[in-house]
Amino acid sequence: MSVLTTSNPSPAPEGTVHKTIIFDHVSIAFDENVVLDDVSFELNRGETKMLLGVLGSGKSTILKMVIGLMRPDRGDIYLLGHHVNSMKEEELFDLRRQVGMVFQESALFDSLTVRENVAYRLIEEGVDQQEIERRVREALRFVELEHTISQFPAELSGGMRRRVAIARAIISHPEVLLYDSPTAGLDPVTSTTIIELLVKQRDVYHTSALMVTHRLPDTFTMASHYFDETENKMKPIPPESPIQIPSTFLVLREGKIIFDGSVYELVNSPDEYIREYIA
Amino acid sequence: MALRSPTEIVQEYLSAIQDYALLSGQAVANLFRRPRYLNDTLMQADSIGVGSLPVVIMTGFSIGAVLALQSSNTLQRFGSLSLTGQLVSLSMVRELGPVLTGMMVAGRNSSGIASELGSMKVTEQIDAMRALGTDPTKKLVTPRVISGTFMLFILTIIGDIVGLAGGWSVARLVLNLDSAQYWQTAWQSLEFPDVFMGLTKPLLFGFVVATIGCYYGLSAKGGTQGVGRATTQAVVAADVLIVIVDFFYTKLLMALMHVH
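Taken in sequence, the protein lines are chains E and V. Here the numbering used here = 1-based position in the first sequence + 21. Here the numbering used here = 1-based position in the second sequence + 861.
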């Protein structure tokens, strides 16, 4: 169990307020094992950044550090203008309410029903019961799982659990979403369903998002598709289309960032490792 | 398995004691902070209190009965069989009631708490809770500590009464003692320091049972195997700590209240 200790929070420096997330020379090691080494990147408002890297490259650690579930050994982390690593755990609880996180294995509360899981944050905030019911149904409708409202997580398939976790993350309309390998271990059809939901969230609500994955096809689908609200489905961006998708890529290798840029820059990267990775 | 240096092992123990002390301190500090989870506290009180009732009643009755049976031989030798009630009463109220009830509740609930929280830890539900803006020590630890402390107090009183009843059943049916005499000596032998000692110990033991269960649960790592390990360690640690706390607390009270 880790016990978080902090010093007094310092005011956010100029320029951090208009960014959703800033990592400034962040490093962390567990015992002798360096997990992140001098990592720096920024996530702009409304942007979706996809974190790529092989297993154990430190991707999930970045997500946990964004909301202060882990503290860096060195460097500064800013979330919505707040200096995360100087905040007390008590202060972080308020900040985390502006963030939605989807965990790799969903992390649904297994003793609670789907309704209670999705409504968890609203129940904690003391929202009126009728309002909770309305918003839970709205969130479950978004992930097309309204019929599972009274079921327990154990009664759902892996893909359905992942969708319930997305509903739980988006119910309070957070300013930023963190996805930890949302399609890991799922079959291609279910993966596409999940990716369509993420694209829908991105294009309908314009939420900033940081997505960790090691499945390259999913990230290319996200970068090359948009959500058509009139037809209620994800469609490929036609050539010469003026549609701009605010998606960027970040590639991690052994705890270091070796690429930060657009999909076009990624596929044209001269770096040997990246070329091999995306091949 | 790699050998570790004694320094590393000592450091690990000290760090565990520090974490346990911090968690316990936080659980107590949360009593004065919002939000308070009344529903969770009542659910835990039901689980710990009502759930442990059968085992406490069975153990209490058996111990009271055995105590009367075992002591009868010695008492008879000195012609003091009529003091059976006094012996059962003092032993149950001052020592055996609180300790055995504490150990029974530890066996059932420290393990239960550790396995429940341990499963939540290894499946990232604790992290999910923190990510959703909830303090797990407020939501999970404090309700269990309040319920554990309060319910062990109640369970010990029940255990004491049932133990006295167990002693009476042997006194009446096996030793052919007069019921009124048994209850009279049992009641009259008790003085304020005995009752005070017997009723304050379960408060400490209940705190130990709940905090140890929570500590091992929240420290669990390494999948289902880790949860199993945490569960076993929680029961062992709670039982050992109950015995240690019992010794020092008894010594302290005996010195303060001049009890012999």
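Treat the hints with caution; some may be incorrect.
Said to hold, decoys possible - Simulated restraints on C-beta separations:
1) 54/E / 895/V: 51 to 59 angstroms
2) 1101/V / 110/E: 49 to 57 angstroms
3) 238/E / 912/V: 45 to 53 angstroms
4) 875/V / 175/E: 33 to 41 angstroms
To be verified - Straight-line Cα separation of at most 35 angstroms, DSBU-like style, residue types lysine-lysine; simulated pairs:
5) 40/E / 109/E
6) 277/E / 1082/V
7) 109/E / 1000/V
8) 40/E / 254/E
9) 256/E / 277/E
10) 85/E / 254/E
11) 109/E / 1082/V
12) 1000/V / 1082/V
13) 254/E / 109/E
14) 40/E / 256/E
15) 1112/V / 85/E
16) 256/E / 109/E
17) 85/E / 1082/V
18) 85/E / 277/E
19) 85/E / 40/E
20) 1112/V / 40/E
21) 109/E / 85/E
22) 256/E / 85/E
Derived by calculation from the structure, the hints in this document are not laboratory data. We put the CB at the ideal spot given by N, CA and C, even for glycine.
Among the hints numbered above, which are violated by the structure, and what are their numbers in rising order?
1, 2, 13, 15, 16, 20
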